[in-house]
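J.: What follows is the residue order along each chain.
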Amino acid sequence: MTLGSVPPKFKVGIDRDQCMDCGRCIENCSYEVYRREGDKILIESRKCTACLRCVAMCPRDAITITEKPVDYRSHPVWTREIREDIINQARSGKIILSGMGNARDLPIIYDRLLLDACQVTNPSIDPLREPMELRTYIGKKPSKLKFRKTESGDVELETKLAPNLKLDTPIMIGHMSFGAISLNSHLSMAKAVKETGTYMGTGEGGLHKALYPYQDRLIVQVASGRFGVNIDYLERGAAIEIKIGQGAKPGIGGHLPGEKVNEEVSKTRMIPLGSDAISPAPHHDIYSIEDLVQLIRSLKEATEWKKPVFVKIAAVHNVAPIAAGIARSSADAVVIDGFRGGTGAAPKVFRDHVGIPIEVAIASVDQKLREQGVRNEISVIASGGIRSSADLAKSIALGADAVYIGTAALVSLGCRVCGNCYRNLCPWGIATQQPELMNRIDPEMGAVQVANLIKGWTLELSELMGAAGINSIESLRGNRDRLRGYMLDEGMLKILDVLPAGA
Amino acid sequence: MKTLRIDAKGMHYTPLNQKIRAAVADGVEEITLDNVLGQRFIGDGLRGNVKIIINGVPGGDLGVFMSGPTCIIHGNAEHAPGNTMDKGMLVIHGSAGDAVAHSMRGGKVFVKNNIGYRGGIHMKQYEVEAKPVLVVGGTAHSFLGEYMAGGLVLVLGIGKEKSMTDRGIGSGIHGGEIIIRGEVDDYLLGVGAKKIEFTESDLERIAPVIKSFCEHFELDPTEFLDTNYTRIGPASSRPFANKYVWE
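Line order of the protein sequences matches chains A and B.
The opening residue of the first sequence carries number 1 in our numbering; numbering runs sequentially from there.
The opening residue of the second sequence carries number 1001 in our numbering; numbering runs sequentially from there.
Same shape as in the complex, but just chain A:
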């Protein structure tokens, strides 16, 4: 091979004075970086992904991992990554796949939005002392309410209300399928959402029997492959989500490789053992907005109009008119997945270059729905790169009803964002179907960690709202007056409908 090898991405070192030779690094590293030869632990740095499992498990802090130990000649245009991608494609002639979300160093709009707080002229509220209303209902809201008087003189509601999901906090866990991630990860998250009064998505992987006890907290997904979808599945979910697109790879489908289709995954997805699970790019029964209406109504009709139906789309250039179409399509919520959304595997060129940021998508969708007088017809759920309670508060202030988190929930389970989700070797037991790796997650403990994250963010959201003198999530929603842009250009501020800091 005239191309030779590219430099290793990481260099692993063991401080031999500190090392007590316990071998936990060898046991924990599923990438086989470490091996024992004689009385020495040897290292093969090239295999390292910087998942940091060994570092976390080393009792002596003896391990160091250095990124990019070998420099290329620096160049601002022909970066290391660009050069290595070319070498990879020169070897293979194929599409490059990658894991996790967009890894380009593009400006993050959330980080250039600042939240407001009260001083002197209006009092802030102490959430310790006063109730903070974070309860969020996801689903259609009536444009007006009609009441009637009963014979006994009581007043009762005449308007028929559409089914809504009741969330105790506006944080849900987004759709990551069983297959892409392990059963123990799913169980941990399902237990956590049950405890914290919120919901999680099943992803397009069907519903494993072990999750049935949490079904009233699960949003079942119907994607283009229709894997695991039958009437039983639809009836079990608290809500149903049609996945049209995904922020990490807008416009394309998904392929779960046969290697990941073990017995449990096969049963749950209802596909033969070891076969590729191919989700086509579009739903082949949806070629128009009218067809989308038909699928939504077929799902509602199947479940006797008892469940809200969501439609998830990737944030793309025309996201606002698309969402407005969805608002008129009998859907109860639209999920917008921004270009930073995560994935188990996506073509790198899509992950890094297709779609738009979630911040502008929320703002333009909310604006369009309000202009057209249909904002009440549909809830807006934002996802794709929500990293903290600050991102959550800013999303709601831009116009979202709630958010889906994905990567953040996985990080609370141990994920270190190494981006090798597709290899079925996840040393943290998350993106793997190997029992000995998956069992590294104890669902009871995992549930505590995920629930802690949701609780922590919820507390922070209450504090942020209190500081801004807001005691109800409804008063924060779409309240762009409580945001200011910092170092954002005029065009961006206009799209966001946010004033610059100081104004």
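What the hints contain is simulated information worked out from the structure, not anything from laboratory work.
Check the hints yourself; a few may be wrong.
As the list claims (entries may be wrong) - FRET-style restraints, in silico, Cβ to Cβ: (1) E1183(B) with K267(A): 37 to 43 Å; (2) P107(A) with T1165(B): 50 to 56 Å; (3) E1029(B) with N376(A): 42 to 48 Å.
What the hints assert, rightly or not - When the alpha-carbon atoms are kept at most 35 Å apart in a straight line, the in silico DSBU-like pairs for lysine-lysine are as follows: (4) K1019(B) with K144(A); (5) K1019(B) with K306(A); (6) K1087(B) with K209(A).
None of these values were measured; they are calculated from a predicted model.
Glycine included, each C-beta is placed from N, C-alpha and C at the ideal position.
Position chain B against the provided structure of chain A, taking the given hints into account.
T.: Okay, now just chain B, sitting in the frame of chain A:
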């Protein structure tokens, strides 16, 4: 046998399905729907062994998510009958629109005449009991059996000089089989599809399906019980396996 007749004239699909569900819950074994005209979703998500006789033209997504019942349609059917169906049967005494048997996992769809585009698209199978079958008496438009992952699509081409004249047959197929009466021109095959020899043992395997189809439409099965078929299957069970390289 407990039966029920419903006049569907001018009725919206929701109350119609509610009546059907209530009847099934009540133990009715045969329901006749008269004057059906475009009502969608008939039998949507319905379970059980009820037989539904539909007189008229049902709308889209007939039998979608259905799990068990049999529908006999005396008329044509619209878009996507048998969509994501799990179990049961649709017998259409006429033609049907696009995406017939879309994503069907089990059960049977028999169409006496022709079907539109993308028939049998993404049909899949799981274990022995869930193996979907789509039989078309006449012909089908383009992309028949596209993305097919399992099951059987059979086209008999009755009354046609050639059973299939539209392109894209089995494009992206990675499981299951498409069997077409007579010869099929090579240029009609989609990407990833290939012809496989149709043998006596294949005939033996599909003979019960042919006989059942003929019985429903009062045809003589003997003229179809020979090996004059073209069998089309996947060139690879991993059509995308060679497209990607990891980062």
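J.: Please go over all the hints and tell whether each is borne out by the structure.
T.: Now the hints, each set against the structure:
1. Checking the proposed 37 to 43 Å range against E1183(B) and K267(A) shows it holds: the Cβ atoms sit about 40 Å from each other.
2. Restraint check, P107(A) to T1165(B): a C-beta distance of roughly 55 Å satisfies the suggested window 50 to 56 Å.
3. Take E1029(B) and N376(A): their Cβ atoms lie about 45 Å apart, and the range 42 to 48 Å holds.
4. About 31 Å separates the Cα atoms of K1019(B) and K144(A), which keeps this hinted pair within 35 Å; it holds.
5. Between K1019(B) and K306(A), the direct Cα distance comes to roughly 17 Å. Compliance with the 35 Å bound is thereby established for this hinted pair.
6. Only pairs whose Cα atoms come within 35 Å are accepted, and K1087(B) paired with K209(A) is accepted, the gap being roughly 21 Å.
When each numbered hint is compared with the structure, no violation occurs for any of them.
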